[in-house]
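Q: Assemble chain B with the ligands onto chain A, guided by the hints.
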Amino acid sequence: MERIQTIFAIFLDTWPGFLEAVVITLELTAVSVVLGTLLGLIFALMKISKSKIFQGIANFYITVIRGTPLIVQIMFLYFGITEIVVLDAFWAGSIALGVHNGAYIAEIFRGAIQGIDYGQTEASRALGMTNSQTMRRIVFPQALRRSIPPLGNQFIITLKDSSLVYLIGVSELFAIATREAAASFKQFETYIVVGAYYLALVLIFSYLLKWYENRLDVDKA
Amino acid sequence: MITGEDIHKSFGDLEVLKGIDLHVEPQEVVVLVGVSGSGKSTLLRCFNFLEMINSGKIIIDGKEINPKKDNLSEIRAEVGMVFQHFNLFPHKTVLENVMEAPVVVKKEKKEIAQKKGLELLDKVGLGDKADVYPSKLSGGQKQRVAIARALAMEPKVLLFDEPTSALDPELVGEVLQVMKQLAEEGMTMVVVTHEMSFAREVADRVIMLDKGRIIESADPVTFFENPSHERTKQFIQMVK
Ligand SMILES: Nc1ncnc2c1ncn2[C@@H]1O[C@H](COP(=O)(O)OP(=O)(O)OP(=O)(O)O)[C@@H](O)[C@H]1O
Ligand SMILES: [Mg+2]
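First to last, the protein sequences are chains A and B. Taking numbering that gives the first Met the number 0, I'd label the letters of the first sequence as residues 0 to 220. Taking numbering that gives the first Met the number 0, I'd label the letters of the second sequence as residues 0 to 239.
Excised from the complex, chain A in its bound form:
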């Protein structure tokens, strides 16, 4: 009972700071998903291209990213990037998460593109459309629509993974939690509070995603 009161007290004490951090976490997530989507698109195209060189580059990138821990990637990119250019922690963290996301999103796009029935391509060609017209107007729009649920999922994963960039000094949710915990000596309660923030964000976003998927189904099914 006392614990619950403490948790509540901590919540009331800390919400202005946490709310600011929520905004940073959301920005971090959004920027890295957008960046990851761009990278994912490029690498998915490379992977399905006919060029062996492009395929090789894409495979290398995807294999390395999927085969190493995110935390290693964050450190590696942070120290790598900041050696070359001056960048604040937020942007370094966003880029690191974006590069990480890119590999997963590339696989989402590749799967979606290759999942489109080959009959669509044949029908387009038979109508006289060129390869690029077929891709742009027929295959990609359908693949993109099919990518939305897994992309939403990737957004949720990123929302949680973004907590790792506290290590390079981004003042996002988790970083604020460590600070508050250290200042108040109430570690257990503070981490429950921050856990609740993440959970709330994930649930809200899951709900939005569901709503959006349903709307798509109603339109096209």
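These are computed hints drawn from the structure, not numbers from a lab. Any given hint might turn out to be false.
The calculated DSSO-like cross-link candidates involving lysine-lysine, where the alpha carbons are at most 30 Å apart (straight line), are [unchecked claim]:
{"no.": "1", "chain 1": "B", "residue 1": "Lys108", "chain 2": "A", "residue 2": "Lys51"}
{"no.": "2", "chain 1": "B", "residue 1": "Lys67", "chain 2": "A", "residue 2": "Lys51"}
{"no.": "3", "chain 1": "B", "residue 1": "Lys108", "chain 2": "B", "residue 2": "Lys135"}
{"no.": "4", "chain 1": "B", "residue 1": "Lys135", "chain 2": "A", "residue 2": "Lys49"}
{"no.": "5", "chain 1": "A", "residue 1": "Lys209", "chain 2": "B", "residue 2": "Lys91"}
{"no.": "6", "chain 1": "A", "residue 1": "Lys49", "chain 2": "B", "residue 2": "Lys56"}
{"no.": "7", "chain 1": "B", "residue 1": "Lys91", "chain 2": "B", "residue 2": "Lys68"}
{"no.": "8", "chain 1": "A", "residue 1": "Lys49", "chain 2": "B", "residue 2": "Lys108"}
A: Here is chain B with the ligands on its own, set in the frame of chain A:
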């Protein structure tokens, strides 16, 4: 209108077309029959360059096509194709399906393509479905949209690969009816089908393909009543 001369086509070691000579006159309706695997689809697909022939010639409207030099997209635009599984674009409405190629390939003005599209949909009896998505249609309706979509490019020849094979029996008639009407209007057509009634009624010529060769080519009456080849007789028995 479309001519194949000594067409050979192999997939790896498997020779599927072993020297096909086929000349289709303008306004002629040719029905292609043959057992599964005899190469009917492959022949159609060679005619619109979805498959590349290994040797031989394809001549469309008097012009021999050189697949290496000619722009194949432009040639395909002149040879329409209707598929067994319709292959409508599910993310586009019925009307958008029909307008797509005229707008994108022929750079037709949207308003013009729309007007022509609606006329074509009326023609196949689906004017009231212009704004729905294909998933809302029955198989027969889908195939009629697919025919309208092919017609929108004003092709010189229309190829049909088993257009009614994926349909419930009660929906076959409405598609055949549209095809019959096209034939009467003078469309040049090459049709692969198992609908022998269509072959009898509509075809000018019925051709039997067997193991990659044309073994019989005759008007429907001769083809069905007095075929010359033993395999044709067996085939006619089988589909009866
Ligand atoms: N892309 C391909 N790669 C390899 N083999 C193929 C390919 N397409 C067709 N074949 C083979 O070529 C032969 C002829 O196929 P085709 O589809 O032309 O026959 P069909 O007469 O249309 O038969 P069906 O009545 O079953 O449609 C078959 O043995 C088939 O397995
Ligand atoms: Mg076939």
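Q: Would you list, in rising numerical order, the hints stated earlier that this structure does not obey?
A: 1, 4, 7, 8
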